[in-house]
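Q: Go by the hints and put chains F and L onto chain H.
Residue numbers (the numbering used here), protein chains in the order written: chain H, 216 to 908; chain F, -11 to 165; chain L, 28 to 379.
Treat the hints loosely; a few may be bogus.
Once the Cα atoms are required to be at most 25 Å apart in a straight line, the calculated DMTMM-like pairs of lysine to aspartate or glutamate come out as [claimed, not checked]:
id : chain 1 : residue 1 : chain 2 : residue 2
1  : H       : K657      : H       : D595
2  : L       : K29       : F       : E65
3  : L       : K66       : H       : E323
4  : H       : K431      : H       : D290
5  : L       : K66       : H       : D280
6  : H       : K524      : H       : D368
The hints are simulated quantities; they were obtained by calculation from the structure and are not laboratory data.
Residue-level listing of the chains:
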Amino acid sequence: MTEMLEHQAIGRGPARRDGVRKVTGTAPYAYEHPVENPAFCHPVQSTVGRGRITAIDTSAALALDGVLAVLTPDDAERLANTDDAELAVLQTHEVAFRGQIIGAAVAETSEVARQAADLVAVTYDQAPHDVVLSDSRDDLYRPDAVNGGFPTDSNEGDIEAALAAAEVTVTQTYTTAMYHQNPLEPHTTTARSEDGVLTLWDSTQGVHPVRKAVAKVLGLEPDAVHVVCPYVGGAFGSKGQLKANTVLAAMAARAVPGRSVRLALTRQQMFDVAGYRTPTIQHVTLAANRDGTLTGIAHDVVEQTARIKEFAEQTAVSTRSLYAAPNRRTSHRLAALDVGVPSWMRAPGECPGMFGTEVAMDELAQELGMDPVELRVVNDTEIDPDSGKPFSSRNLVACLREGAQRFGWADRDPAPRSRREGNQLVGTGVASSVYPVYRMPKSTATVRFSGGRYVAEIGAADLGTGTWTSLAQIAADALGADLASVEVRIGDTRYPEASVAGGSSGMTTWGSAVVEAARAFRAKFGADPSDGDEVEAAVQANPATDDYAMFAFGAHFVEARVDADTGEVRVPRMLGVFAAGKIINARLARSQFLGGMTMGLSMALHETSVMDPRFGHVVNHDLAEYHITANADVGEIDVGWLDEHDPHVNAMGSKGIGEIGIVGAAAAVSNAVHHATGVRVRELPITLDKLLG
Amino acid sequence: METELTLRIDGQDHHLTIDTRTTLLDALRERIGNTSAKKGCDHGQCGACTVLTDGRRTLSCLTLAVTQGGAEITTAEGLGQDGGLHPVQQAFIDHDAFQCGYCTPGQVCSAVGMLAEYADGWPSAVTEPGTTAELDHDEIAERMSGNLCRCGAYANIVPAVQAAAPRREGTNAGGAR
Amino acid sequence: MKPFAYQAPGDVVDAVRSVAEDPAAVYLGGGTNLVDHLKLGIVSPDLLVDVTSLTSAEITDGDGGGLGVGGLSVGAAVRNSDLAADPRVRERFRVLSQALLAGASGQLRNMATTGGNLLQRTRCVYFQNVSTPCNKREPGSGCSALAVPGRPAPTHDGAGWTRNHAILGASEHCVATHPSDMAVGMAVLDARVRVLGPDGERVIPLTELHRLPGDAPERDTVLEHGDLITGVELPPMRGRSAYRKVRDRASYAFALVSVAAVLDVADGVVRDVRVALGGVAHKPWRATRAEEQLRGAAPTPANFRAAIEAELTDARGVDGLDGGNAFKIPLAAATVTAVLRDLAASETGDPR
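Next comes chain H alone, as it looks inside the complex:
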């Protein structure tokens, strides 16, 4: 068991340390870092879905006043490593998807760069493209593993036999849409190549992973790449892995050495090259006894990847651990299409997967005539059905009970379409939430005593998650020092290596590294250190993972109101109750949870990237047509958490909270809409046309 910290600063709710900079707009994001005389880069994109570039005429672009360089596959620098086709920017004349970056203009101003990019004339030998995901394709394939390194399939017992023998069954198909992360800050970079050092002010979830990946692609020593990112204007997974835009910015900078080059993808370009969540087709089967006990669970998923690079979302993996049943099967099959590369988006796997499973559970409850909260309680388990290990802590039932009480669930008439107020059909729904506790293998922190203050340095990221503030709380408690006496420095490869901000692993991983460093510091220098005393230490593997399965759990409760005339859906009330270990910062944690829930509401009601199969691109590629929730869509959101004590996860007792808020939220909305209207919407988003009439 890890030695737990004594919580002093941890658990309180200090305001964000970067608050003043953010409300005044003076926190510098990647594009905004002050540099002398910057140049500007604008990408050129393919306008065919597949084919070969036969000619590129750059003469008109080069003839413009103020153009410094035009990069094309004809003459762009040859990259040292092209193993990752997504990052092999301008290395081939083959077009793999519509919107692929096939050139760039660099100019004195952004206006001229964009005009020059428009003037690059490209001719193609066009080939037919194929961008349509379907579960009836004959070329679906089984990936070797799915994201996170999980096995592609799982199989225990005999699901078909369970189905045949079951008293009650649900067999349905659920689909989630293609989603784009759409952080408000586009993918942006300011790049400069000078004196053998490439400096990237890049909007990223991890400066060290970017340094490593860029160095590999360009054939540089990691020391020759300096990446800086103190602030990120949202990411949601889309800035977790190096993408083509950053490589292009580096290439542009190397084309005009000594000059800083700024590159910001347009919102439209983000829909093509900045990642997205695959659409999913989920076949879910539940078999149960009359008392609600599950005897079989099957979750078979079809989703897409890009022909040039595989990304297999682990959609069915969380189903393996959520409920007990003797017969269980999950599988993932992929269609490789002529599309951009899908990637991480907030809770990859859990988020889409729990839509299928948790709507199916609601359907089962309805079949059984059983309360959907009770059905979940009946199928709770102390042992992770997938690994066979006990959970380090599992408080799903407590979340459901606490939530039901807080939400007023007891008053609910279970009959669908049973409550009408004026012209509105009113319903409520529930869904479970689950998210694993991840700890990344590598992260190192430095703790130094300097000028009467403690300074903790680590190359971590703050995506709006609050790292600037919460790491300071952890450092303070680990040092036994006042919060005010601790300074944290992050977001720069000058600081020790830190893992990517992904998998809700930041606090567990970086926090543990900071704790290690702080403890080593105290062990070495005691309570009265001298100026300049410094220690570096790294996160250790957690031996408790051999003995325990580690997850956070939660329960969503939603009220939906549907206009009886028009089918318009409004959600005046959401409640999420979570059991996620020790909450480091109460104020910021609440924001994380409600942010996830709000994005789940957005997924439920609004979001869908419409792929036009005739052209091969997402046609609603802007924020006017790709709807994310606006302020008026959001009603009252109540967030609660249990005071959960888990001594196994890490020294803080924390589980990670960035993603669990979105998991299950869309299912709860769909279940509430069904309760309101009697219409079961199995295809997201729940738009009014699906409820009309």
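A: Just chains F and L now, with coordinates in the frame of chain H:
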């Protein structure tokens, strides 16, 4: 084509020779070095570039700089007085009404402009016709809907704006929904 | 974006002359649509003529100007937010104030002008993307919303994404809709548009300003190059009015269907009724057939529904991606029925 003009930003004059194509947003961010207003969509679809033009909230991404000679432009950087924060900014910090912070300067400017509109008696789409609106949850949410927040801080933005609203006699504008 | 010159002339006559003389010149109003389109490459003028400070930004009572008591004259430069908030508009033309407030966002309403709003262009995603064919943007190139001409489509042909597209009055060349809420609110008021052209001033009924696409979808309106909208006249209105916008988000989204209605009930029958629909056609759609059917009839939900269903007899959905847009036909019927039902209920004081 280039033209000369003077932009007045946060109380300071800036003399520029500028491309007629340059938007006010790009003039701020790429010429003047004021990056308070953010570029989220560049097409009037997110509100991150919101500034105050002669006191009214507007979108700097759809405003050509060349049309703005003589206008008084205020960004979130210039809202506070005597080096302090504007009450709306302080309320945003207190209510944790942001996460990544990228939409925040636009939200703040929009809130300041919106409160002035409300004080002038302007209605919104959810105001019951023929009545004067109370600044409740629904009124604030509707009036602030031109500012998208992908982090999903709306549930904190509304109470922050409510808290920063000037109190009126006999109302409960500061109360929670 | 191609470079352009910028001009701010001293008066409207100079402005009209400048634009009329130069086929590549355009007027700049609030900029909310034009600057958007400049960036997307949808238009590439050589000259922008700024008219925001030239036409009137005043709203004046119409009794002196032949409009009749209760009428209003609105200058073309009046911002949407000022028009929506004007106490006279709120009092006399509730439908217009509501339509304006349903449009866009607070920031955009502070920028958009009355004249410019009438001339805003469609939100069709194929019109807005210069890499896809569009007859409105590039006559003869084809309509991508309906079918992609001459493109090898090994797995897919047929229509595109038509959620925002027309169910009434479309042609084989264009199925786009007009996106303005304000124009729908004005259409139901029998507003008139004042236009200054190279040959002088004229007045056009608002319902005749916008066109159906026919075989010339590149023309949104009947205006000729150089014509400048200088104002809108609102004649006095009798009865109660309302605007209802149905959309995919609670705010800050374009209409799937919107309904502007004016209802005047006397002695238990409909004395007058006017209905206009937004989001369903290339222009604000006056439901004249429904109006005729309802005049003199009892103001009952059954009659309202029968009337709008008669109006929608010729409505056609496009079976496009993501379910197409045929759902707009029942949605339009339901929304019109609901708006008239609610107006009738408020007229008689009946709780609904």
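Q: The structure should be examined with respect to each hint, and the outcome stated for every one.
A: Quick rundown of the hints versus the structure:
no. : hint             : result
1   : H:K657 to H:D595 : violated (34 Å)
2   : L:K29 to F:E65   : violated (32 Å)
3   : L:K66 to H:E323  : holds (18 Å)
4   : H:K431 to H:D290 : holds (20 Å)
5   : L:K66 to H:D280  : holds (19 Å)
6   : H:K524 to H:D368 : holds (20 Å)
When the structure is compared with the earlier hints, violations turn up for hints 1, 2 and for no others.
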